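Enquirer: Make a model of the complete structure from these sequences and hints.
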Amino acid sequence: MGVTPKTPQAASEPMNINNTAADRVKEKQQEAAEKKAQEAENIRRYEEKQRVAKERLESAESQAKERQAERAAQQADYEKSRKEREDAQQRLQDQQNQNRSSLSKYF
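Residue 52 in our numbering sits at position 70 of the sequence shown, with consecutive numbering throughout.
None of these hints come from the bench; they were simulated from the model. If you're wondering where the values come from, they're calculated on a predicted model, not measured in any experiment. Cβ coordinates follow ideal geometry from the N, Cα and C atoms, glycine included. Please note that a few of the clues may not be correct.
Stated by the list, open to error - Here are the in silico distance ranges between beta carbons for each label pair:
(1) R33 with E9: 53 to 59 angstroms
(2) L39 with Q75: 49 to 55 angstroms
(3) P(-13) with E13: 38 to 44 angstroms
(4) A22 with P(-10): 55 to 61 angstroms
(5) Q12 with Q32: 26 to 32 angstroms
(6) Q12 with Q(-9): 38 to 44 angstroms
To be verified - List of simulated lysine-lysine pairs, DSS-like, C-alpha gap at most 30 angstroms:
(7) K10 with K(-12)
(8) K18 with K8
(9) K36 with K17
(10) K31 with K18
(11) K36 with K18
(12) K31 with K47
Expert: If you want it as structure tokens, here you go:
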């Protein structure tokens, strides 16, 4: 039979086994980390927009109060002026009536 004994050989390089399951897990973990980072960024942007909107609302409310106070002051001034004009008109009419009645004594 001619069997020859094996001769010792140098050790071969380890074989690379493609472990696709481990790669998929790494990819999913990376995607999850990216998604979490994106969600954190979205939350930060949303909070910033909310803060800006709140500031605008507070500013608008304070301006509205100032304008309302101005309108109330203008209305009060108008009412005071109108009352003074009415009083002056009434005094003028009273004076004219008194002058007419004084003249009627002579005629």
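Enquirer: A separate judgement is required for each hint: does it hold in the structure or not?
Expert: The hints, checked one at a time:
{"no.": "1", "hint": "R33 with E9: 53 to 59 angstroms", "verdict": "36 angstroms, violated"}
{"no.": "2", "hint": "L39 with Q75: 49 to 55 angstroms", "verdict": "53 angstroms, holds"}
{"no.": "3", "hint": "P(-13) with E13: 38 to 44 angstroms", "verdict": "55 angstroms, violated"}
{"no.": "4", "hint": "A22 with P(-10): 55 to 61 angstroms", "verdict": "59 angstroms, holds"}
{"no.": "5", "hint": "Q12 with Q32: 26 to 32 angstroms", "verdict": "30 angstroms, holds"}
{"no.": "6", "hint": "Q12 with Q(-9): 38 to 44 angstroms", "verdict": "41 angstroms, holds"}
{"no.": "7", "hint": "K10 with K(-12)", "verdict": "47 angstroms, violated"}
{"no.": "8", "hint": "K18 with K8", "verdict": "15 angstroms, holds"}
{"no.": "9", "hint": "K36 with K17", "verdict": "28 angstroms, holds"}
{"no.": "10", "hint": "K31 with K18", "verdict": "20 angstroms, holds"}
{"no.": "11", "hint": "K36 with K18", "verdict": "27 angstroms, holds"}
{"no.": "12", "hint": "K31 with K47", "verdict": "24 angstroms, holds"}
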